[in-house]
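Student: Chain residues, written in single-letter form:
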Amino acid sequence: MEHSNASSGNTDAGLSDEEKREIDREFSHYEGRASVGLEALRIVQKHRGWVSDKSLQAVADYLEIAPAQLESVATYFQLIFRQPVGREVMLLCKSASCWITGCSRLQVHIRKRLQIAPGQTSKDGIFTLLETPCLGDCDKGPVMQVGEEMHRHLTEEAIDKLIEQKIHKHKKNDADRSTD
Amino acid sequence: MPTITIDGEDYPVDGEQNLLANCLSQGIDLPYFCWHPAMGSVGACRQCAVIEYKDAEDPHGKLVMACMTPVKDGGLYSVQAQAAREFRGGIIEDLMTNHPHDCPVCEEGGECHLQDMTEMTGHVQRRYRGSKRTHRNQYLGPFINHEMNRCIACYRCTRFYRDYAGGEDLESLGRNNQVYFGRQNDGMLENGFSGNLVEVCPTGVFTDKTFSEHYVRKWDLQTAPSICEHCAVGCNTAPGAREPGNGSGAILRRITNLYNRDINGYFLCDRGRFGYDYVNADSRLKKPLAASSESLIGSTAAPGEKVHREIPPEQAVARLSEQLREARNGKRRLFAIGSPRTSLENNFALRQLVGDDHFYSGLGERDLELLHLIDRVQCDPRIHSPSTPEIESADAVLILGEDIDNTAPRISLAVRQAARNRQKRQARQLKIPLWQDDSVRQLGGSPSPILLVGTGTPAMEEIASEILHCTIGQTAAFGAAVRDCLCGREPAAGLLPESQLELARRAAEMLSSAERPLIISGCGSRNGEMIRASAAIACALAEYGESGSDQCDLYLACPEMNSLGIAQLSAPDSGRLEELAAKLRDTREGIPTTLVILENDLYRRGDRRTIDTMLSAADQVVLLDTLLNATARHADLIFPAAATAESEGSTVNSNGVAQRFYAVYEGTGFIQESWRWLADAAADDDKTHLAACEHVFELTAALAKEFPALAVLEETGPDENYRIDGLKVARQSHRYSGRTAIRAGEHVAELPPHPDPDAPMVFSMEGIQNPGKTPLQANIWSPGWNSNQSINKFLRGIGGARKGTDGGQRIEREPQSLDEWQPGGGEATSASGNFTTIPLYRMFGSDELSARAKAIASVVDEPYAVLSANDAEERHIRTGDLLRIRVNSESYPVEARVSATLPRGTLGVPAGLPGLESLDCHLPGRVVVEQTDTGDTP
Chain U
1 MEHSNASSGN
11 TDAGLSDEEK
21 REIDREFSHY
31 EGRASVGLEA
41 LRIVQKHRGW
51 VSDKSLQAVA
61 DYLEIAPAQL
71 ESVATYFQLI
81 FRQPVGREVM
91 LLCKSASCWI
101 TGCSRLQVHI
111 RKRLQIAPGQ
121 TSKDGIFTLL
131 ETPCLGDCDK
141 GPVMQVGEEM
151 HRHLTEEAID
161 KLIEQKIHKH
171 KKNDADRSTD
Chain E
1001 MPTITIDGED
1011 YPVDGEQNLL
1021 ANCLSQGIDL
1031 PYFCWHPAMG
1041 SVGACRQCAV
1051 IEYKDAEDPH
1061 GKLVMACMTP
1071 VKDGGLYSVQ
1081 AQAAREFRGG
1091 IIEDLMTNHP
1101 HDCPVCEEGG
1111 ECHLQDMTEM
1121 TGHVQRRYRG
1131 SKRTHRNQYL
1141 GPFINHEMNR
1151 CIACYRCTRF
1161 YRDYAGGEDL
1171 ESLGRNNQVY
1181 FGRQNDGMLE
1191 NGFSGNLVEV
1201 CPTGVFTDKT
1211 FSEHYVRKWD
1221 LQTAPSICEH
1231 CAVGCNTAPG
1241 AREPGNGSGA
1251 ILRRITNLYN
1261 RDINGYFLCD
1271 RGRFGYDYVN
1281 ADSRLKKPLA
1291 ASSESLIGST
1301 AAPGEKVHRE
1311 IPPEQAVARL
1321 SEQLREARNG
1331 KRRLFAIGSP
1341 RTSLENNFAL
1351 RQLVGDDHFY
1361 SGLGERDLEL
1371 LHLIDRVQCD
1381 PRIHSPSTPE
1391 IESADAVLIL
1401 GEDIDNTAPR
1411 ISLAVRQAAR
1421 NRQKRQARQL
1431 KIPLWQDDSV
1441 RQLGGSPSPI
1451 LLVGTGTPAM
1461 EEIASEILHC
1471 TIGQTAAFGA
1481 AVRDCLCGRE
1491 PAAGLLPESQ
1501 LELARRAAEM
1511 LSSAERPLII
1521 SGCGSRNGEM
1531 IRASAAIACA
1541 LAEYGESGSD
1551 QCDLYLACPE
1561 MNSLGIAQLS
1571 APDSGRLEEL
1581 AAKLRDTREG
1591 IPTTLVILEN
1601 DLYRRGDRRT
1611 IDTMLSAADQ
1621 VVLLDTLLNA
1631 TARHADLIFP
1641 AAATAESEGS
1651 TVNSNGVAQR
1661 FYAVYEGTGF
1671 IQESWRWLAD
1681 AAADDDKTHL
1691 AACEHVFELT
1701 AALAKEFPAL
1711 AVLEETGPDE
1721 NYRIDGLKVA
1731 RQSHRYSGRT
1741 AIRAGEHVAE
1751 LPPHPDPDAP
1761 MVFSMEGIQN
1771 PGKTPLQANI
1781 WSPGWNSNQS
1791 INKFLRGIGG
1801 ARKGTDGGQR
1811 IEREPQSLDE
1821 WQPGGGEATS
1831 ASGNFTTIPL
1841 YRMFGSDELS
1851 ARAKAIASVV
1861 DEPYAVLSAN
1871 DAEERHIRTG
1881 DLLRIRVNSE
1891 SYPVEARVSA
1901 TLPRGTLGVP
1911 AGLPGLESLD
1921 CHLPGRVVVE
1931 QTDTGDTP
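Just so you know, the protein sequences line up as chains U and E, in that order.
Numbered by this note's numbering, the letters in the first sequence go through residues 1 to 180 in order.
Numbered by this note's numbering, the letters in the second sequence go through residues 1001 to 1938 in order.
Calculated directly from the structure, the hints in this document are not laboratory data.
Every residue gets a Cβ at the ideal spot worked out from N, C-alpha and C, and that includes glycine.
Be careful, since some hints might not be right.
Listed below are the simulated DSSO-like cross-link pairs for lysine-lysine, each with C-alpha atoms no more than 30 Å apart in a straight line [unchecked claim]:
#, chain 1, residue 1, chain 2, residue 2
1, E, K1854, E, K1306
2, U, K94, U, K123
3, E, K1132, U, K94
4, U, K112, E, K1132
5, U, K166, U, K140
Facing chain E, a subset of chain U residues (Cβ under 7 Å, in silico) [said to hold, decoys possible]:
#, residue
6, A68
7, E71
8, T75
9, Y76
10, A175
Assemble the whole structure, with the sequences as input and the hints as a guide.
Tutor: Below is the structure:
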């Protein structure tokens, strides 16, 4: 999960030198250029937050494959984002154990708290809520993955705290950046 | 041959095929979706579940997917077991939860495999009441409609488009319940075989957009076996026609594939599928026309072009009759020009009418020479013209200067399958059955060697293992080097650079070590040396190769439907247009001349000036044709000729296979077959009996008698006395609707159907409907199997020949070995210029008739020409700049395109492209290229 440290912007440009370098490194692990598709998309998403049509085209050009072929990969994997997402993507598990332990209630809570339904991004651009199938922590449900962190045994209070923390963190970051 | 037991019955089965294929070829109804006879199994849809028992003691057995199950001798299976039927019913019910209830407005309805399979499993009541998933559809170009809501996710479309045909712009997107088959963006499907999606898709996701323009149900179409007229491969088609409700004549509504194992199998190219619409074009000639003597105010006719008015057919026939009488009395000279794009019978009738000495093939010297050369090469006993399955089994291919992707598209699809033979051999070694499509493809590995020499197209280059871009002359020289290497001689030094010599050595090695090598060339480069080189290589392989066969496969692509047929009608040194032009110029006798032209636009055969001169030398130009074209604008008398789908006749394809096509419907207005117009005008006392000719088979019989090579024509189809149970073959299905009502505005009584004087077929429902009983039945249908997948019911085993027919007949030419080929110099050209042209071919645009079909016309390129990157840079020409091609006194404006692979000094010119047709006779040749848009060029 490398999408959380993304900065916005640059979504329409060709591949940067750094992106190319990282993709080049992957070539040694795979048989053909086409096989690097998924890794290349992850790399681009890490730098740009999401994969725009133009980014996808740039990757396809660089890998010398048809854009439709790459699109097929991009749309298969749920964690490749083909639409803009917030800086924090919240993946709320909705599998059986989490459902029993109350994930639906938590989803309603998040919806009320941030005014977002699954698939939507909050107005401040910080949070995107997504539903996800099993995250593999069934004995600690309900669980939610935010960025690369896993949050277990969730309650409404824990979620409020988490949201506050994240808002605080991003506001602080923004303030720091503007004073630089 | 293994024997298996299905539901208590023993069946001898094909051990190379899976259980599903064997069930189907035994006539057992087992529903399926993702399996396709040409594409094998992937086990995606789970629809063909059956029970497999361990032995006779096994009480329950286990559920297996028939398409993924190899048959073993003594195997026990049940299709009818309750558990299997319930499982199959559950699968269909699940698929149907998302499938819309739109059959009444869906164009697949009535020939839908999904409908058939749903009926077959007995799922007749929908229990699901939830909402269905919906998709946004894409614009896929002028040929194909997209309706994704109907998709059942069987993956057949991408398996055909991507895996079988090599397309790159259709993919499966998304996943789970949201999987979507489409392009990355809206846009035309780029692959030239996209039309097959219409037949490959088991339901209505991909439907024929040209058919939508004049849609009727399958059961309302009348049909007959026909042959595609848009190239020389000779694919079999089943055109469908029906009259509209407004009382006007029948219109041709669509083309579907008609299975012929040896030629097209299950697939057609897009030119063949969508090119039919020219017969419905606004410019279709439907009534006899005569040039008007008065000039019209406001006429748009250019100088030399004539203004025409309609005349009654009797008057038109009388005019031609009168001229024929004058000719017989020595008061008029009479010449006739035939055509390679119409039947042998039409050509023969014209030849009978004017006499052998006055009949010309309708081709210029160069084209006719090439055809006679191909004819001559195919007479060599060392050479075998391969059928499509034989091409698919080649394990090394050399393509010399022929862009088969555009000149013989169905053949290039076969070569694409040949590229997988190394992979298939590996699969055999690993004991993976070949129908295990995904497993075989997963093997990866290097493709079979395919060497492409000449100017390639991107699609062919993708499957080629090696490519040599060179000029036409170099291609022939390369061929000579390969031949020398095969014969164990050192190739002549100095003609080729060392790198090419090295490649020639490798090519010789690759071909001689192959089990089934294949050489492909043809008329595309319009160069005889290339054909001679390919023949010499094939002969050398037959003699020195390690395949153990004394024959070698050589496919030579001809340009037009009946090219090789027309070559049979004239001696190698006669019938050239140039000879006719000289005779027309010679007006010593001082008597008027009539020139009868049969279905041929001469402006595609020679440059404008030559043809203008020719036509003006004749004071009466009589034309029989289907469309208003440049020649028609100069004709004095025009007869509306029947198109292929409106007539019966014979043709000879590139392989020398004679085939017969039958009239699907009668042409509207005064349209009739060209030979009928000629017979009408011929005198009764004519010793050729043309005037007395009433049936096309009389001409066929006379042809067969006069030309020994064409004697097989009599065996290409049943004769007029053919009956089954005393009945002829019905062109209309037994469900044909509204035949009483459709003409009720004119007649309350239902009129009897028109008699068919030519074929043992009727224009009605009364007759033989069963495609299993007669090859003349083109409506492929079987009870419970309304889609064309019912074809499996009528084959001798899956992928076998159709029951009751052996397909076409090879014409029987005198075997005659070729002399040892000595490469000659390049062809001398008289015209000077700064560029040597190379003909380029286009799927859409190079063929005359299909380019006039509405949907195809919308995607034909504007005139362009391609320069090499070097030349473009030197001259500061960029893509999109306007150029002028000058040759003799003619000038053609074109848009520049730049290619990285074209050899320096050459100019690629699209052959036959509307606007550039008259340039064809200069391809290849020298031309002058000028920049018209000088702009800021230094």
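Student: Next item in the hint list is T75/U. Is there a CB on chain E closer than 7 Å to its CB?
Tutor: holds (4 Å)
Student: Hey, K1132/E versus K94/U, does the alpha-carbon distance stay inside 30 Å?
Tutor: This hinted pair holds, its Cα atoms lying about 21 Å apart.
Student: With chain E as the partner, please determine if E71/U meets the hint condition of a C-beta pair closer than 7 Å.
Tutor: holds (5 Å)
Student: Given the hinted pair K112/U and K1132/E, is their Cα-Cα distance within 30 Å?
Tutor: Judged against 30 Å, a Cα distance of about 28 Å means the pair holds.
Student: Measuring from the C-beta of A68/U to each C-beta in chain E, is the shortest one below 7 Å?
Tutor: holds (4 Å)
Student: Closer than 7 Å between Cβ atoms is the bar; does Y76/U clear it against chain E? Give me holds or violated.
Tutor: Constraint on Y76/U satisfied, holds at 5 Å.
Student: Using 7 Å as the Cβ threshold, decide whether A175/U counts as touching chain E.
Tutor: Hint violated; A175/U Cβ to chain E Cβ min 40 Å, cut 7 Å.
Student: So if I understand the rule, the pair passes when the alpha-carbon distance is 30 Å or less; does K94/U with K123/U pass?
Tutor: Satisfied, since the Cα-Cα distance of roughly 24 Å is no more than 30 Å.
Student: Decide if the proposed pair is consistent with the structure: K166/U and K140/U, CA atoms, cutoff 30 Å inclusive.
Tutor: holds (22 Å)
Student: Run the distance test for K1854/E versus K1306/E: straight-line Cα separation, threshold 30 Å.
Tutor: Holds, at about 25 Å.
In summary, the structure is inconsistent with hint 10 from the numbered list given earlier, while agreeing with all the others.
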